[in-house]
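Chains B and X are the protein sequences, given in the same order.
Residue numbers for the first sequence follow the numbering used here, so the first one is 1 and each next one is one higher.
Residue numbers for the second sequence follow the numbering used here, so the first one is 1 and each next one is one higher.
Everything labelled a hint here was simulated from the structure, so no lab data went into it.
Simulated crosslink set (DSS-like; lysine-lysine; CA at most 30 angstroms straight-line): (1) Lys49/X with Lys123/B; (2) Lys127/B with Lys269/X; (3) Lys269/X with Lys146/B; (4) Lys49/X with Lys269/X; (5) Lys269/X with Lys123/B; (6) Lys123/B with Lys146/B; (7) Lys127/B with Lys146/B; (8) Lys49/X with Lys127/B; (9) Lys269/X with Lys205/B; (10) Lys212/B with Lys146/B.
If you want the footprint, here are the derived chain B segments under chain X, 3+ residues with CB under 8 angstroms: (11) 53-65; (12) 79-91.
Source: prediction; values computed, not measured.
Quick reminder that beta carbons are idealized off the backbone N, C-alpha and C, glycines included.
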Amino acid sequence: MITFENVSKRYGGFTAVDDVSFVARSGRVTGFLGPNGAGKSTSMRIMAGLTLPDHGVATIGGHAYADIPNPGRHVGVLLDASAQHAGRTGREVLALTAMTMGLPGSSVDEMLETVGLTPTEAKRRVKNYSLGMRQRLGIANALIGKPSVLILDEPANGLDPAGIHWMRGLLRQFAADGGTVLLSSHLLHEVEMIADDMVLIGRGKIVAQGSKQELLQTAGTFVRGEDPQLLAKVLADAGITATASGDGGLRTEVDPIEIGRAAAAAGVVLVELRPAEGAGLEEMFLQLTASDARESVNSEGAAA
Amino acid sequence: MTTLLPAAPGSPAARPAADVLDVSGTPSVPLTRLVRVELRKMRDTRSGKWLLITVAAVAVLVMAGLFIWGDQDDRTFMTLLGIAFVPLAFALPVLGILLICSEWGQRTALVTFTLTPHRGRVLTAKVVAALLFALGAIVVAAIPAAILAAVGGAHAPWDDVTVAVLARVLLAFVLGVVWGLAFGAALLNSALAIVAYFLVPTLLSLVGGIWTGAQDALVWFDLNQSSSVLFDSGPVTGAEWAHMATGFLVWVVLPGVLGTWRILRSEVK
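Looking at chain X on its own, in the form it has when it is part of the complex:
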């Protein structure tokens, strides 16, 4: 077997070439930049762009529908925001799923993880980006809701608009997004994760409907049902928080941990 020999003088390799890379002058990539990249990835594909446009349009349309055909006294800020949440609750988890899974389905993870070898940072950036999106979605929904409530002439348009209630709505949005992210990470397949995300709550309520005896136990696992109280104007009881916590543990923390482990460890091909 021939081995590499020192190059003859005069050949290119004989020049003083940098055998040791000097990386001291290179700052590492800040997390904020990675978050901006992930935010851009959510909307720079045709599917992502249209998903966002459709969701925004549907959210505005349902609010307009409520405004036109609903009771005048229903034109309150919270009712309008509540109805806009229906399409958003569908879309935001899907966005979270796509943000993670498309890297695997389209195999862009190969480039992403080459540019950022510390995969945990990529994952963190994705979670932050998805949460920022949820925040943005609330603002986008709140502006037309506020305008419609202001001009709607309802008896009490700003009823229930308290910090506590708004914080709970925000929590509900965030919950939906992290749920989607967790399923996406655990399954790493867009179609599978989306189907699972929508099928699990339906199956649970189906089981509860047929097997009524199990309903008391199921409430501890049915996160969809237990988290719906976040939209009620009344206070949330300790038991209801506990139901949400166990549901969160089963459907978000568990798949989230499994998914993180998969993303950090699995081989990208």
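Looking at chain B on its own, in the form it has when it is part of the complex:
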């Protein structure tokens, strides 16, 4: 279990992580989702004890990371697959990790097999590795100590579709065995495929969190009346906030049954009444990314 309590980290005037609290539970894969620069990597470095937060507490299974003896045996961490000595072979990278943790040399071969690096590939130097191979090596490096908690920063980056499929199976199994998995990504569909729970972060702040079902579930109700204006008035009188949703319909945050009751009480004819479509999560995520994208569009427009 990974716990973040009111964690903040500032760099000069820039707040990278702003009062972030969440829990990644054991037996679950938690997706840490946000656009690039949202504070995911800083948060993960704080978890692994590499960066000290200005405020707040980060614990893993109730301990501060630095208090865990031989931490690699409990927490597998992959923060940057490219952060490996280019002149070492893949095998040697794992051998050093195994040696530090006090594991037998045989664990290296086992792990190479688990992540699908062939003996020939393992003998090559890391500088000749593709990003996908580095990710596999990094995942091996995180898994070799047989930890019960995994912290992976953008592990799917550079993996081909087969690789992503493989990783999904691996992490699902890890969680099914009772482990805790926290993985970050800037791609919604990637997290959607793997995660049970999601934590959505933007500009250092948590925007939403919950189980995938909760978050992807349509929040609210779509309703269309025979007379849209009349329906809007009836809903307003009933104290239900509704917003226009194009095509003459209205969108509200309440359950369909409440709309139905209000409409029945006022004798208004409904043409359509259903849970709203279009995941709120995707909209939220698009807004997060769009606010960054819009800036570049604006500056281009200004330059033109």
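Starting from the known structure of chain B, fit chain X onto it as the hints suggest.
The following block gives chain X in isolation, referenced to the frame of chain B:
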């Protein structure tokens, strides 16, 4: 905002899962193991391996050269060891620099400090590993030197081979290594640290050569020059020890403290 709710019965999270990590059964990593890891890191990259092979080869070659072309009476153990020290004095500090800086240049510090969050232990292991290497280098140089001295037929091949002299040679080796480590730690950049390590003594002797009036003062700072007496067979005077001490303070202790502070505090990215 949705918050995490307790999972429904039957879902994986409902199983009794370990929310508190039991770490009581895990022994911490002993320092000796960290030292072995650091010793391995010095030679498991292509550059590290070739640096070691080259240095050993050059050390043996210069001894062989002295043996073949030098005077028969120069084939003493101390002369042979002294000449082998020239390439070693170049290489050992560089090894010390690489041992520290490559973690930052190649960004492996990210993994190293994740596996060992107490960075002081990593640093200690690196210092111990570098010193062990210096010891090993002396042994490696002493064996061919002893063989060549034994068969060389010099008038007095074992002259000056006393504990005091050998201890001073060892001190000179150690000094070179910790100097390199200190520069490496302070600059955390291999190229910069190596250049600085070789440039500083040259600049100091250059200044001394031009500005002769400053020579008396410079000897207090020119560690390279002041420590060269460690290879002389005569006794080292109190003033010479004092010169070395101040030079050590300026070029090893000061950058060493600054470097330690940087390594312990700086953020690894």
